[in-house]
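J.: Listed below are the residues making up each chain.
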Amino acid sequence: MHKIIDYSGDVALHITSKNIESLIKEAIYGMLDYLVDENKNLKIETKKTLNYLIEGNIEDGIVDALNFFLKTFYIEKLIPYRIYIKKTNSGGFNIKAFMSEFRGNLKNYIKAATYCENKIIQNNDTLAFTVVFDV
Amino acid sequence: MFEVQKVTDFLYKIKTSTIDIEIYANESIFKKLQEDETLKQAFSITQMPGIKKIMLMSDAHQGYGFPIGSVAAFDYEEGVISPGGVGYDINCGVRAISIHAALDEIQRHAETILYALYSQIPKGAVSDKAIYYLNDKKIRQVTFEGAHFAIKNGFGEDHDLQAIEDNGRIEIAKDCLTKDALQRGKTELGSLGSGNHFLEIDKVEEIFDEQIASDFGIFLHYPVLLLHSGSRGLGHQIAIDYLRLFKDSANSKNLSFPNKELTSLPFLDELAQSYFQAANQAANYAFANRQILGFRATEIIFNCIKKPINYTLIYDIVHNIAKIEQHSINGKNQKLIVHRKGATRAFYAKHQYLKNSRYFNIGHPILIPGTMGSSSYILVAKDSDQTLNSICHGAGRVLGRRQAIKTLKNQDLITQLKQKGILLLGESKKSLLEEAPSAYKDIDTVIDIVEKANLAKKVAKLKPFMVIKG
Chain Z
1 MHKIIDYSGD VALHITSKNI ESLIKEAIYG MLDYLVDENK NLKIETKKTL
51 NYLIEGNIED GIVDALNFFL KTFYIEKLIP YRIYIKKTNS GGFNIKAFMS
101 EFRGNLKNYI KAATYCENKI IQNNDTLAFT VVFDV
Chain H
1 MFEVQKVTDF LYKIKTSTID IEIYANESIF KKLQEDETLK QAFSITQMPG
51 IKKIMLMSDA HQGYGFPIGS VAAFDYEEGV ISPGGVGYDI NCGVRAISIH
101 AALDEIQRHA ETILYALYSQ IPKGAVSDKA IYYLNDKKIR QVTFEGAHFA
151 IKNGFGEDHD LQAIEDNGRI EIAKDCLTKD ALQRGKTELG SLGSGNHFLE
201 IDKVEEIFDE QIASDFGIFL HYPVLLLHSG SRGLGHQIAI DYLRLFKDSA
251 NSKNLSFPNK ELTSLPFLDE LAQSYFQAAN QAANYAFANR QILGFRATEI
301 IFNCIKKPIN YTLIYDIVHN IAKIEQHSIN GKNQKLIVHR KGATRAFYAK
351 HQYLKNSRYF NIGHPILIPG TMGSSSYILV AKDSDQTLNS ICHGAGRVLG
401 RRQAIKTLKN QDLITQLKQK GILLLGESKK SLLEEAPSAY KDIDTVIDIV
451 EKANLAKKVA KLKPFMVIKG
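Those sequence lines, one after another, are chains Z and H. Numbered by our numbering, the letters in the first sequence go through residues 1 to 135 in order. Numbered by our numbering, the letters in the second sequence go through residues 1 to 470 in order.
Just so you know, the hints here were simulated from the structure itself, not pulled from any lab data. Where a beta carbon is used, it is the ideal one built from N, C-alpha and C, also for glycine. Hints may contain errors.
[Stated by the list, open to error] Residues on chain Z that point at chain H, a partial pick, calculated with CB under 10 Å:
hint, residue
1, Gly9
2, Asn39
3, Val63
4, Leu70
5, Tyr74
6, Leu78
7, Leu106
8, Ile120
9, Gln122
10, Asp134
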């Protein structure tokens, strides 16, 4: 689950999930939800498959991954339509994203996903994570 | 939590183990600052290496890492540079242009001008609309030449350069643009952007100092074009890329920070120097961007009224940048890295940093935009060094974006402002509500604090009558 909340003059994406894999996926889809209004009725064609590896600090890795998909969108006009997350042997997470050409409207401009207060909080069996977007 | 000292009705100090935090605020604004994380963020900055001075201006509010409306100065040799202290929109700034046409002539064609500007100036949440598209070679040229590039390509006159901070170009020692920043910059030169970026035509409503106003090229009841924009995706990408590199470098050196957005490196570190160069390249892109936008907007206006283009660039001022400056602190002259994040320079007459400026003898115009429904101010600095020649950059937000939409959702801003004589166009109702006048502090109060704290004095007050929001 994800929702957009206020963060001072900017906004933040608040994500909850059961595990890290779905947290990462939800973060990417949550950002896209805020960013674009996509015409989902159009035929999807894979233009490119991208792999992105999160290693080390997971929180920072999620922010870096969001910025990676953000710049891919701004430069190549490609957005992920299907994402698979796999834990690696070294404890990292590999994101495999099938990218299609974006057809729709840009709803909101995001300058960047920031590292501000990006901490995963575990509450019982739920993980929560907040990413502040500079808008 | 903090030991607060009220120095005057407009200046508070908070003592810390390193230096005092100086806060320019009245009682109500100071109270508001205590409600969020602004003071805590300022306190974190006092714990950074080589910190010499930290100030919050009268428009300050919570940011990420550094507060918006803050000025933080670090020692040149012992101190640090922080991409978070500059922000993602590097060299974002405001430009004011005096339009040499009678106000009633502009107002007579108001709707035509509004729709022409709206349709011909790229704006909003887009990343591929520009007035001037660039290839690999030209984009590097822009980041080395700044506003000079724009003028060489027909967007303006040579004399404009004397009315731009740093004369529209910061000297670049080496090319430190990242690959992705370069790509993003190709399709956005001459675009306004979104969020709080705007283009408006104001009427000079009040003059407070006739002589200085006249020297600035400002005359009562004449139109002034005001625009707010920055370095667009190129600047955002430089901030993203270098913040990540800074973080990796800091991790490898076992440096830790109270907030990752405060991540910084010693200024003389090689990577820090590369960031400084890249940020200055973004600064030059922003200068070129505003030069192109401003000139194109004047062209559109004069095309609408069918007259030859005649304008005076009043000034182009910056509010998100780190600069090497010499200042006196406690009677000692020091070489500093001054981070202004949502704060502007304010150099008074005969200041050494104005020696190549048109305004050397009077001090440069300080442009402080208010909101789409209130006023903007043009000030001039008083002969004071207490804030490292810095003041606020705008009104400062009081409502979050979603809070503004929720609180104001039933309001028809376009009709409301039309009743006040202000024509308004924006990309969506939502984007307009986010930037509604009541989402910001009262600009008159913010400016009153600046004046009463003896930092600057009012020269002119502008009132918008045509606003385009990004």
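J.: Work down the list of hints and note, for each, if the structure agrees.
T.: Here is how each hint holds up against the structure:
1. Gly9: holds (4 Å)
2. Asn39: violated (16 Å)
3. Val63: Holds: closest Cβ of chain H sits about 9 Å from Val63 of chain Z, inside 10 Å.
4. Leu70: holds (8 Å)
5. Tyr74: Holds, about 4 Å.
6. Leu78: With a minimum Cβ separation of about 13 Å from chain H (threshold 10 Å), the hint on Leu78 of chain Z is violated.
7. Leu106: Since the shortest Cβ distance to chain H is 4 Å, the answer is holds.
8. Ile120: Hint violated; Ile120 of chain Z Cβ to chain H Cβ min 14 Å, cut 10 Å.
9. Gln122: This interface hint is violated because 20 Å lies over the 10 Å limit.
10. Asp134: holds (5 Å)
In this structure, the earlier hints numbered 2, 6, 8 and 9 are contradicted, and the remaining ones agree with it.
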